[in-house]
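*Asks:* Chain by chain, the residues run as shown.
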Amino acid sequence: MKIIACIKQVPDSEAKVKVADDGQVTWGEAPLVINPFDEYAVEGALQQKEANGGTVVALCIGPESAKEAIKHALAMGADEGVLVSDTALEGLDSAGAARVLAAAINKIGGADMVMFGRQTLDNGSGLTPPQTARALGWPMLGWVGQIKVEGPSGSVQVERVLEEGRQSVKANMPAVLSIVQSIGEPRYPSFMGIRKASKATIPVWSLADLGISAPTTVVSRAEISNPPTRETVCEFITGETPEAIAEALAEKIMAEKVL
Amino acid sequence: MDFSLSPEHEMTRKMVRDFAQKEIAPVIKEYDRKQEPIPFALKRMGELGILGICIPVKYGGAGMDYIALGLACEELEAVDTSLRVVMSVHMGLCSLTLLQWGTEEQKQKFLVPLARGEKIGCGAFTEPGMGSDVAAMTTTAKRDGDYYILNGEKMWISIASLADLAMVTVKTNPAARKPSEGLSTFIVDLHSDGVKTGDIHGKLGVRAGSTGWISFTDVKVPVANRIGEEGEGFKITMSAFDGGRYTVASGAAGLVRASLEASVSYARTRKTFGKPIAEHQLIQEKIAKMSQDYEISHLLYLQAGWLKNLGKRCTREISFAKKFATEASFNAANEAIQIHGAYGFSDEYDVERYLRNSKGAIIYEGSSEVQVLIQAGYALGLREDKPLRCEPPAYDEKEWQS
Numbered sequence: 001m002k003i004i005a006c007i008k009q010v011p012d013s014e015a016k017v018k019v020a021d022d023g024q025v026t027w028g029e030a031p032l033v034i035n036p037f038d039e040y041a042v043e044g045a046l047q048q049k050e051a052n053g054g055t056v057v058a059l060c061i062g063p064e065s066a067k068e069a070i071k072h073a074l075a076m077g078a079d080e081g082v083l084v085s086d087t088a089l090e091g092l093d094s095a096g097a098a099r100v101l102a103a104a105i106n107k108i109g110g111a112d113m114v115m116f117g118r119q120t121l122d123n124g125s126g127l128t129p130p131q132t133a134r135a136l137g138w139p140m141l142g143w144v145g146q147i148k149v150e151g152p153s154g155s156v157q158v159e160r161v162l163e164e165g166r167q168s169v170k171a172n173m174p175a176v177l178s179i180v181q182s183i184g185e186p187r188y189p190s191f192m193g194i195r196k197a198s199k200a201t202i203p204v205w206s207l208a209d210l211g212i213s214a215p216t217t218v219v220s221r222a223e224i225s226n227p228p229t230r231e232t233v234c235e236f237i238t239g240e241t242p243e244a245i246a247e248a249l250a251e252k253i254m255a256e257k258v259l
Numbered sequence: 001m002d003f004s005l006s007p008e009h010e011m012t013r014k015m016v017r018d019f020a021q022k023e024i025a026p027v028i029k030e031y032d033r034k035q036e037p038i039p040f041a042l043k044r045m046g047e048l049g050i051l052g053i054c055i056p057v058k059y060g061g062a063g064m065d066y067i068a069l070g071l072a073c074e075e076l077e078a079v080d081t082s083l084r085v086v087m088s089v090h091m092g093l094c095s096l097t098l099l100q101w102g103t104e105e106q107k108q109k110f111l112v113p114l115a116r117g118e119k120i121g122c123g124a125f126t127e128p129g130m131g132s133d134v135a136a137m138t139t140t141a142k143r144d145g146d147y148y149i150l151n152g153e154k155m156w157i158s159i160a161s162l163a164d165l166a167m168v169t170v171k172t173n174p175a176a177r178k179p180s181e182g183l184s185t186f187i188v189d190l191h192s193d194g195v196k197t198g199d200i201h202g203k204l205g206v207r208a209g210s211t212g213w214i215s216f217t218d219v220k221v222p223v224a225n226r227i228g229e230e231g232e233g234f235k236i237t238m239s240a241f242d243g244g245r246y247t248v249a250s251g252a253a254g255l256v257r258a259s260l261e262a263s264v265s266y267a268r269t270r271k272t273f274g275k276p277i278a279e280h281q282l283i284q285e286k287i288a289k290m291s292q293d294y295e296i297s298h299l300l301y302l303q304a305g306w307l308k309n310l311g312k313r314c315t316r317e318i319s320f321a322k323k324f325a326t327e328a329s330f331n332a333a334n335e336a337i338q339i340h341g342a343y344g345f346s347d348e349y350d351v352e353r354y355l356r357n358s359k360g361a362i363i364y365e366g367s368s369e370v371q372v373l374i375q376a377g378y379a380l381g382l383r384e385d386k387p388l389r390c391e392p393p394a395y396d397e398k399e400w401q402s
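Quick mapping for you: the protein sequence lines, in order, are chains A and B. Residues in the first sequence are numbered from 1 upward in steps of one, following the working numbering. Residues in the second sequence are numbered from 1 upward in steps of one, following the working numbering.
Treat the hints as calculated values from the structure; they're not laboratory data. Note that the coordinates shown come from a computational prediction; the quantities given were computed from them, not determined experimentally. Keep in mind that the hints are not guaranteed to be accurate.
Unchecked claim - Computed footprint of chain A on chain B, listed as stretches where at least three residues anywhere in the stretch have a Cβ under 8 Å from a Cβ of chain A: (1) 4–11; (2) 48–55.
Said to hold, decoys possible - Pairs of lysine-lysine residues, derived as BS3-like cross-links and limited to a Cα-Cα distance of at most 25 Å, are as follows: (3) K199/A <-> K14/B; (4) K203/B <-> K398/B; (5) K22/B <-> K16/A.
What the hints assert, rightly or not - Taking CB as the label site, the calculated pair distances span: (6) A342/B <-> A250/A: 41 to 51 Å; (7) G154/A <-> S192/B: 32 to 42 Å; (8) V169/A <-> T269/B: 39 to 49 Å; (9) D2/B <-> G151/A: 21 to 31 Å; (10) T269/B <-> G154/A: 49 to 59 Å.
The beta carbon of each residue, even a glycine, is placed where N, CA and C say it ideally should be.
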């Protein structure tokens, strides 16, 4: 079984957006990490490799530094990594990313399953997985918490974790899956994996290698800002008796319209 | 000269940090208050390969180098000292001593399960009546055919009650010309008849760590369990301390870092006189000192790790690293509490635990005073590293990873 885990390198979750005078947005000097949601995709891919045999390829679009995210996936147990890197890919939107990923997946030679995290930590649209499925013409199974590959017929049954409850869905492979936390905690890199990853040569493919031109960006950011900082005020409710304190507290809660 | 860490080292560091932060940090206060070891910690460290991190793959380990060991200890102690203590005794005192002095048969029998984390090891040298004065120990082993019969008591032994095996140094020849020549070292199965272990409670710090005693009453230990020759016990014990002290030094660097990070974080948010206390110069002075001490501690243990990788004896460099970092960790935690003010005095914040945890390492594995004697000995030419029958094994990437 061949599984491709699509991963992205993103700023650490504690990073704050900085807007420079020229309007350019940066993440400052925040450390770059593998998108935490994508670690679940790698975990899901490795689970399926263990259950059914096969290989896991970690595929990533990004600058040279994104090799670190691929190395993390290799250290977790992925067999190979591929980086798609091209200066023409800066400012890529999700539809463009999907087209590039689809071309890379085809160049890898296809797969039985392509797994994504449910969204990225930076853009967070969650659109790339379905758009990649569309570009490949494969079924899309979103928000997957459990995976079971059935027999040699090549179908996959998954449990989708939705707000309304759980949904069991079946599709023919190849298929694109977006994975959620219910798949299980991502494993830590093993020392053997770390050694393998640190010595790995990761091929870098340009758009020319993929045989495609730069996708036209249709969505661009108009403005980016950090969420407003929340001002919290701590107030101690005092009173003569517990009843009086409770009454004062209840009045305060009502006045603040918390209840 | 290249001061950068390799990608392997960086990934090792991150893996151990993630483990400690995700699994240990959320529960450490609870177990520290209860004075109980975290029940799953040893098992998880074994599963992740940390317990065999710098043991060759052929002996069940992860085949990483001594720098990786130091980095792991730093990350573990940045969360809690009790985790690093496990590495000091299981790896430093027990496994590394087996690797240096054990026969091939002993390595297969004892080192392999230790490196895999299937068995836990400790080091038993200190006694109720002796610590620094190693040659003054009174636990004895008398030869009886194919066995030695051990009698006596060891005290202040980390993870005594959790360990399966102990590296134990005892007196085999009370009539030796020099007391240090009358010692021998054994690897003892703590599940043997006549062995009793127990925990010591009421410690100032490392409360989530197990510290205890081991008593031996007519314990039969096979001759095959003797490490090295009879009479080599003192040298073997000193080798064990070189391994143990390296982990103590690197761990203490992590404790300095933990105090520094807690202080930076608090100083940025706590306001007095209309501005964050980080903007007050007296606070900055404390933070600058911690920052500098971390850098020195870090570089000193990396130097020792580098020498260990080359297979060079580095008792002197390890002594520098151990004394400096452990004392720096005590001072950093003390100042971190001062920066936190009254909050630092309560266990709502971690820094009071850092202070309590830091004191032990200034006493054990060679007190600061013993380190001074070692350092002065080298500086004055009174001490030299004489060749050993079994020199510490150099790190050979190819050999260790095959």
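*Asks:* What are the numbers of the hints the structure violates, in ascending order?
*Replies:* 4, 6, 7, 9
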